[in-house]
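So the protein sequences, as listed, match chains A and B. So the first sequence is numbered by the working numbering: it starts at 1 and just counts up by one. So the second sequence is numbered by the working numbering: it starts at 1 and just counts up by one.
By construction, these hints were calculated from the structure, which means they are not laboratory data. Among the hints, erroneous ones may be present.
Which residues of chain B face chain A? A partial, calculated answer using Cβ under 8 Å [unchecked claim]:
no., residue
1, Ser19
2, Ser122
3, Val160
4, Ala164
5, Asn229
6, Ala243
7, Met285
Everything numeric in this text was worked out from a predicted model, so none of it was measured. We put the CB at the ideal spot given by N, CA and C, even for glycine.
For reference, the chains in residue letters:
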Amino acid sequence: MKTRVLILTAAAILLTAALCCLPFLQYSSQTYIKRSPNTFVGDEKYTAARAEVEAQLETYRAQGIDCAIDEQVTERVNSKKEKTSLVIFTINAANTRSGWDLLAAGLPSSRLLIAALGAGMAAWILTMLNIGRKSGGHAGKTVGILSFIFALAFFFLVPTVYLRMNLDLSRSVSLYANGQEVPGIDGLLGALDRFLYDGEAGDSLVTMLTAMKYSILPALFLLMIPAGSTICAAILGCRKDLKKTLGRVALYVSVILFSVFILYPFFVMFITAFRSNAETTDMYFLHILPEKWIFSNLQDTLNRGVLRYLINSLLIAGGATGIAMLCGIPAAYAMARMDFRGKKAYLGFVIMSQMFSPVVLLVGISRLMNTLNLNDTLTGLMFINAAFNQAFAIWLLRGTFVSISPEMEQAACIDGCNVVSAMIRILLPMAAPGIVTTLIFVFINAWNEYTVSTVLISTTTNRPITVGITQFSSFNMIEWQYLFAAALLATVPVVILFMLIEKHLAAGLTAGGVKG
Amino acid sequence: MRSVFMRHRWEPYLWILPSVLLMLIFVVFPIGIVFRLAFSNISRAGVVGDFAGLKNFQEAVSSAAFPQVMLNTLIWVVSVVGLSTLTGFICAMVLNQEFVGRKIARSIMVFPWAASLVIQASVWNYIIKMEYGNLNNILLNLGFIQSAVNWRASYQIEFVWECAIGIIVTIPFVTFTVLSGLQSIDDAYYEAATVDGAGFWKKLRHVTLPLVKPSLTVSMVLNIIYVFNSFPIIYTITKGAPANKTDTMVTYLYMLAFYDQKKGPATALSVIGFVILCVASGIYMFITMRKEDTGL
Numbered sequence: 001m002k003t004r005v006l007i008l009t010a011a012a013i014l015l016t017a018a019l020c021c022l023p024f025l026q027y028s029s030q031t032y033i034k035r036s037p038n039t040f041v042g043d044e045k046y047t048a049a050r051a052e053v054e055a056q057l058e059t060y061r062a063q064g065i066d067c068a069i070d071e072q073v074t075e076r077v078n079s080k081k082e083k084t085s086l087v088i089f090t091i092n093a094a095n096t097r098s099g100w101d102l103l104a105a106g107l108p109s110s111r112l113l114i115a116a117l118g119a120g121m122a123a124w125i126l127t128m129l130n131i132g133r134k135s136g137g138h139a140g141k142t143v144g145i146l147s148f149i150f151a152l153a154f155f156f157l158v159p160t161v162y163l164r165m166n167l168d169l170s171r172s173v174s175l176y177a178n179g180q181e182v183p184g185i186d187g188l189l190g191a192l193d194r195f196l197y198d199g200e201a202g203d204s205l206v207t208m209l210t211a212m213k214y215s216i217l218p219a220l221f222l223l224m225i226p227a228g229s230t231i232c233a234a235i236l237g238c239r240k241d242l243k244k245t246l247g248r249v250a251l252y253v254s255v256i257l258f259s260v261f262i263l264y265p266f267f268v269m270f271i272t273a274f275r276s277n278a279e280t281t282d283m284y285f286l287h288i289l290p291e292k293w294i295f296s297n298l299q300d301t302l303n304r305g306v307l308r309y310l311i312n313s314l315l316i317a318g319g320a321t322g323i324a325m326l327c328g329i330p331a332a333y334a335m336a337r338m339d340f341r342g343k344k345a346y347l348g349f350v351i352m353s354q355m356f357s358p359v360v361l362l363v364g365i366s367r368l369m370n371t372l373n374l375n376d377t378l379t380g381l382m383f384i385n386a387a388f389n390q391a392f393a394i395w396l397l398r399g400t401f402v403s404i405s406p407e408m409e410q411a412a413c414i415d416g417c418n419v420v421s422a423m424i425r426i427l428l429p430m431a432a433p434g435i436v437t438t439l440i441f442v443f444i445n446a447w448n449e450y451t452v453s454t455v456l457i458s459t460t461t462n463r464p465i466t467v468g469i470t471q472f473s474s475f476n477m478i479e480w481q482y483l484f485a486a487a488l489l490a491t492v493p494v495v496i497l498f499m500l501i502e503k504h505l506a507a508g509l510t511a512g513g514v515k516g
Numbered sequence: 001m002r003s004v005f006m007r008h009r010w011e012p013y014l015w016i017l018p019s020v021l022l023m024l025i026f027v028v029f030p031i032g033i034v035f036r037l038a039f040s041n042i043s044r045a046g047v048v049g050d051f052a053g054l055k056n057f058q059e060a061v062s063s064a065a066f067p068q069v070m071l072n073t074l075i076w077v078v079s080v081v082g083l084s085t086l087t088g089f090i091c092a093m094v095l096n097q098e099f100v101g102r103k104i105a106r107s108i109m110v111f112p113w114a115a116s117l118v119i120q121a122s123v124w125n126y127i128i129k130m131e132y133g134n135l136n137n138i139l140l141n142l143g144f145i146q147s148a149v150n151w152r153a154s155y156q157i158e159f160v161w162e163c164a165i166g167i168i169v170t171i172p173f174v175t176f177t178v179l180s181g182l183q184s185i186d187d188a189y190y191e192a193a194t195v196d197g198a199g200f201w202k203k204l205r206h207v208t209l210p211l212v213k214p215s216l217t218v219s220m221v222l223n224i225i226y227v228f229n230s231f232p233i234i235y236t237i238t239k240g241a242p243a244n245k246t247d248t249m250v251t252y253l254y255m256l257a258f259y260d261q262k263k264g265p266a267t268a269l270s271v272i273g274f275v276i277l278c279v280a281s282g283i284y285m286f287i288t289m290r291k292e293d294t295g296l
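Go ahead and model the full structure; you've got the sequences and the hints to work with.
Following this line, the structure appears as structure tokens:
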């Protein structure tokens with residue numbers, strides 16, 4: 001065990017040192033430029049210019065600089081309809097900077113790299129300390145855990161160095177060149193000048209930086225290999241099962257990644273709802289979070305009709321839930337407690353109808369609503385939502401009722417209580433969790449319904465919230481902050497409701513509904 | 001049991017009457033209307049004329065957009081259902097482990113199910129804007145990219161985005177269904193498998209998959225139907241543009257019926273979609289009813 005830890009650590013140290021000697025960054029810097037106007041490729045002027053540039057190239061090469069000629073031809077037709085051509089020759093020197101250079105550069109990314117290597121070193125030292133001890137003990141455990149944490153930090157800091165390098169080398173500079181305020185830009189520019197041009201760029205620094213092409217080389221990422229070996233050494237140093245511990249780490253990392261991924265759109269909705277209008281369409285992408293949180297966006301959306309839409313949605317969803325339950329509870333009761341001809345057929349129909357989304361039937365529904373005079377009314381939407389959720393309601397309720405033993409009701413009925421009051425007094429209270437689950441489920445579905453509402457509702461004041469939010473996105477201008485403020489107001493209530501029933505819903509599905 | 005709860009033979013029918021009426025009026029009637037319209041001549045003003053045979057179907061199928069729409073629908077359903085089932089299954093497997101913060105992670109992964117699709121689609125529509133969208137903002141400010149990327153360079157890429165968004169919004173449902181299936185598996189099976197020396201993959205193949213198969217099947221069949229019917233994502237992001245190249249069947253028939261006022265071909269398409277759904281529902285019903293027989 002001890003030898004394995006030693007070997008892993010030694011390998012990590014050596015590999016890290018070796019990798020840092022390799023180039024981390026490759027970039028081109030323009031050292032010479034020649035513009036040759038009225039020149040066509042192949043003519044005399046071209047050959048002369050070319051020869052001049054090549055001579056220059058030779059002198060550079062003689063100095064030991066690795067460089068190449070770049071040739072850019074721009075052809076144009078001028079106002080006299082004559083073809084003109086401009087050839088620009090540039091000599092680009094390909095430069096590289098190694099890990100050690102980056103460490104000494106004093107850039108923000110250098111500090112991150114120092115932090116990463118520092119964490120690695122801390123992990124190595126702690127692992128070595130731990131290996132000297134005889135057996136566990138309290139102090140040994142703490143040291144072991146610390147070394148593990150440092151090793152993890154080493155591993156995950158490496159990719160952040162890459163990200164920070166992109167910010168240092170391109171984003172900050174391009175923002176600055178576009179006249180935006182960038183905090184700490186003077187220090188950064190000075191450091192870049194020293195790092196990339198040996199402090200010789202002077203006034204043309206920003207031009208050179210914006211013209212620079214660079215790539216960050218894989219050597220940086222390869223640092224994750226010694227980092228990984230450091231992690232393994234730290235785990236083995238703690239006398240832990242390597243495979244199991246790595247499995248746990250992978251588990252947590254994947255949970256975090258999945259969660260970030262799932263939460264991302266909701267995060268966007270949340271922050272955008274509180275941005276200013278200028279910031280929602282900011283071409284320079286200046287701020288990740290709102291520069292100033294404008295909470296009055298919520299108030300503004302409410303004033304611009306959203307309050308009305310929310311009330312409409314509440315009425316539609318509430319009405320639909322009421323109707324669905326009034327029709328669904330007796331039906332589910334009959335299917336759970338009674339035997340009758342056609343029961344199975346009706347059950348089959350119920351399951352089938354669960355599948356028909358109203359979208360395919362839109363034309364039929366809108367015609368029906370015309371005949372019933374329910375077009376453009378909240379009542380119409382209540383009935384439609386109730387009907388298309390009926391199947392699910394019956395299915396969930398029946399499952400709940402079946403899972404409750406009928407003995408108590410039987411006893412009550414024999415005692416002379418009639419079936420209806422036995423159901424209301426005995427079964428319904430016992431089935432309360434299932435009923436609440438169904439209720440909320442139907443409510444959420446009706447609240448989120450969009451397609452039928454877009455077709456049936458034409459009066460602005462009758463819109464439910466899902467249709468209402470689209471008013472903020474007209475063809476030529478979208479008021480994103482209001483759209484998302486309204487979206488936030490529409491989402492929060494149903495998500496809270498859903499959280500309340502989530503556990504019961506799983507049980508309900510298992511008992512009778514969607515799940516077998 | 002029957003004698004206590006049922007005094008008369010007609011009683012159960014009285015109990016189910018409200019539900020039957022509701023379904024009859026608001027589900028069965030529209031189906032009937034759609035079928036009638038599909039086989040009738042309809043004027044542009046919407047007046048229903050005489051029997052037209054298969055004329056509407058012919059018009060719907062022979063339109064220039066139809067092959068592309070059907071292909072899109074196929075890609076849409078297969079990719080969204082397939083990939084969301086796979087990812088949702090992995091999510092559920094992860095969430096089925098014991099770890100600190102599991103309850104929170106579980107809530108995070110299933111709650112998007114409760115959020116409306118239009119809203120989620122609108123958010124994504126903002127995220128992938130090139131000029132000021134949030135994806136470019138985040139990636140630029142974190143250093144992942146060096147300049148703003150045009151995420152919607154062509155309609156093909158836009159359609160891929162639509163599928164991806166469809167997958168993302170469907171994952172919570174799959175995770176939820178599969179997780180409830182996974183949690184009902186008795187630990188004893190795994191213990192026995194461990195005693196027999198089975199590793200992770202063997203356990204997955206011989207214990208988890210067979211036992212979770214019912215909930216996986218149900219979630220898949222339901223998903224096929226939901227995804228087939230899914231309207232808001234495509235309608236919000238591209239509205240089928242350009243020239244129906246990113247339409248699926250439901251958005252296409254919506255456009256036909258309510259923008260182009262071609263009710264005849266639209267209802268014909270409805271009938272085609274209806275038949276496709278019937279087949280899917282039939283399979284679903286067969287599975288559920290069979291389980292019902294053995295389960296009760």
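Going down the list of hints, with the structure as the test:
1. Ser19: 4 Å, holds
2. Ser122: 6 Å, holds
3. Val160: 17 Å, violated
4. Ala164: With a minimum Cβ separation of about 11 Å from chain A (threshold 8 Å), the hint on Ala164(B) is violated.
5. Asn229: Hint on Asn229(B): holds, closest Cβ of chain A at ~4 Å, below 8 Å.
6. Ala243: 18 Å, violated
7. Met285: Met285(B) check passes; min Cβ-Cβ to chain A is 5 Å, inside 8 Å.
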